[in-house]
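Given the coordinates of chain A, work out where chain B should sit on it, guided by the hints.
Here the protein sequences line up with chains A and B, keeping their order.
Quick note: the first sequence uses my numbering, first residue 340, plus one each step.
Quick note: the second sequence uses my numbering, first residue 471, plus one each step.
Hints are computed from structural coordinates only; laboratory data are not their basis.
Glycine included, every Cβ here is placed at the ideal spot set by N, Cα and C.
Hints may be right or wrong, so weigh each one.
Chain B side only, calculated, beta carbon under 8 Å to chain A, not exhaustive [stated by the list, open to error]:
hint	residue
1	516
2	517
3	543
4	563
5	564
6	565
7	566
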Amino acid sequence: MAGLSRSHDVAVVGGGLVGAAIAYGIARAGRRVLLFDEGDMAVRASRGNFALVWVQTKGLGLPDYARWTVHSSNSWATFATELASETGIDLHFQRPGGFHLCLSEQELEARKQIITRFHNQRGGTDYRIDFLERDDIAKMLPDIGPDVVGGSYCPLDGHVNSLKLFRALHLALSRLGVTYLPNHPVTAIGRRGGQFEISTPHGTHDAGKIVLAAGNANQALAPMVGLVAPMKPERGQIIVTERVDPFLHFPLGTLRQTDEGTVMIGDSREDGHDPSGSNIAINSVMANRAVRMFPKLARLNVVRCWRAIRVMPQDGFPIYDQSESHPGAFLATCHSGVTLAAAHAGTLARMIVDGRLDEAEVGAFSARRFDVQAVA
Amino acid sequence: MFKRLRENPVEAVTITVDGSALKARAGDTVAAALLAHGVSHVRTTPVSGAPRAPYCLMGVCFDCLVTIDGVGNRQACLEPVRDGMRVETQHGKRKIGS
Numbered sequence: 340m341a342g343l344s345r346s347h348d349v350a351v352v353g354g355g356l357v358g359a360a361i362a363y364g365i366a367r368a369g370r371r372v373l374l375f376d377e378g379d380m381a382v383r384a385s386r387g388n389f390a391l392v393w394v395q396t397k398g399l400g401l402p403d404y405a406r407w408t409v410h411s412s413n414s415w416a417t418f419a420t421e422l423a424s425e426t427g428i429d430l431h432f433q434r435p436g437g438f439h440l441c442l443s444e445q446e447l448e449a450r451k452q453i454i455t456r457f458h459n460q461r462g463g464t465d466y467r468i469d470f471l472e473r474d475d476i477a478k479m480l481p482d483i484g485p486d487v488v489g490g491s492y493c494p495l496d497g498h499v500n501s502l503k504l505f506r507a508l509h510l511a512l513s514r515l516g517v518t519y520l521p522n523h524p525v526t527a528i529g530r531r532g533g534q535f536e537i538s539t540p541h542g543t544h545d546a547g548k549i550v551l552a553a554g555n556a557n558q559a560l561a562p563m564v565g566l567v568a569p570m571k572p573e574r575g576q577i578i579v580t581e582r583v584d585p586f587l588h589f590p591l592g593t594l595r596q597t598d599e600g601t602v603m604i605g606d607s608r609e610d611g612h613d614p615s616g617s618n619i620a621i622n623s624v625m626a627n628r629a630v631r632m633f634p635k636l637a638r639l640n641v642v643r644c645w646r647a648i649r650v651m652p653q654d655g656f657p658i659y660d661q662s663e664s665h666p667g668a669f670l671a672t673c674h675s676g677v678t679l680a681a682a683h684a685g686t687l688a689r690m691i692v693d694g695r696l697d698e699a700e701v702g703a704f705s706a707r708r709f710d711v712q713a714v715a
Numbered sequence: 471m472f473k474r475l476r477e478n479p480v481e482a483v484t485i486t487v488d489g490s491a492l493k494a495r496a497g498d499t500v501a502a503a504l505l506a507h508g509v510s511h512v513r514t515t516p517v518s519g520a521p522r523a524p525y526c527l528m529g530v531c532f533d534c535l536v537t538i539d540g541v542g543n544r545q546a547c548l549e550p551v552r553d554g555m556r557v558e559t560q561h562g563k564r565k566i567g568s
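For reference, chain A alone in the conformation it holds in the complex (with noise of 0.2 Å):
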């Protein structure tokens, strides 16, 4: 077999954003890099996601992840640049800010409860979030709606074209010389000789390290090389409209306009790991609040709607751990696998080049969090 000819010196499992985040990372030090991927029936979540490179109130309840997210977030510029001179793909990542609007007093109440929880919170990076009344709003957003009673601005919040990114990140993979393995998940992973000896359906390879970033399937993967990963994948469903004339020129949590005009509302969330169908009564809820915040939307064509998984840790928070049991095993799953790529690629990939994660950079995310005997 091709692999067993050939050493690798690390093996990353998973195709998605997370993985070829790292993997690009590992190939840039010099590295040989082997992907396994599933095939294209797998749930392939960095395809459905909303694009966001966001911060505002992220790492509420554990500070170094707001850290982890304005460190990614700070990188994420040179990231696209290095990406794009790579490629010759522009990822149209834009950091004008990104605003969170309310609908309603109590709306008003709750996020400016969680914004005084979060500058409260000790320990973590203190950026600026600015609380916004409505007039101020209209300065910088002027088509919204009269519903709009108020909100929150941060300005370190961006978006990109994730689609971009994926395809991006894959053809530097390949200029790399990275072996790219689709149609290839991994059934078992063993030790021989120092090298990890990987399962698949098709055959055995070899490789001197390797990094689990297989999304939700990390929590089957993990036990494999003495780690836990513990998930709670969510459903999210996301509305696209025909594309205009650029009108928003600031992203949301809920609601932007992509590069080539497209306006994407998303941001629903509930508990599942099946992806087919779509909840119309969400997709309803979700479009009058689109409609509420910015009327005109009311005149657009929606031509697509889809639903896809969430990775998600049970916590919320990302996963970072390397194995005692299996040392060169890491492990690395989160939510915000676009957020972060640039953090995982630059990073958490020098760290595994380095055989070594470096406790005070992601030692709070290691998944020791969950042992409550140990925490306790």
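Chain B in isolation, oriented as in the chain A frame:
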């Protein structure tokens, strides 16, 4: 380019295309009226700006999008002409106000 099959004595309808009057026939779709009048393209695409003309004429390809009576991205091949209808060709993305 396109010719009508025969000169039936059918009721004439007048529409405007980008402000100019155009004679069509009752029963024509907007796309048919435009093609019969020799219009070479009805819009340019939102991303690359390439010209597009009515193509499938059965509501499938969405290449014939025009603004009708102020509403953008209408399928010209599915809309029958009406006397006084205002048709505008589109350039790039639809305006959200239209």
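Against the structure, the hints come out as follows:
1. Satisfaction of the interface hint for residue 516/B is found here, the shortest Cβ-Cβ separation to chain A being roughly 4 Å, below the 8 Å cut-off.
2. Using the Cβ-Cβ criterion of 8 Å, the hint placing residue 517/B at the interface with chain A is satisfied: the shortest such distance is roughly 6 Å.
3. Annotation: interface hint on residue 543/B holds; nearest CB of chain A at approximately 5 Å, less than 8 Å.
4. For residue 563/B, the shortest C-beta to C-beta distance to chain A is roughly 5 Å, which falls under 8 Å, so the interface hint holds.
5. With a least beta-carbon distance of about 5 Å to chain A, the hint placing residue 564/B at the interface is held under the 8 Å criterion.
6. Annotation: interface hint on residue 565/B holds; nearest CB of chain A at approximately 5 Å, less than 8 Å.
7. Given hint, residue 566/B at the interface with chain A, holds; its Cβ is 5 Å from that chain's nearest Cβ, closer than 8 Å.
Checked against the numbered hints listed earlier, the structure breaks none of them; every hint is satisfied.
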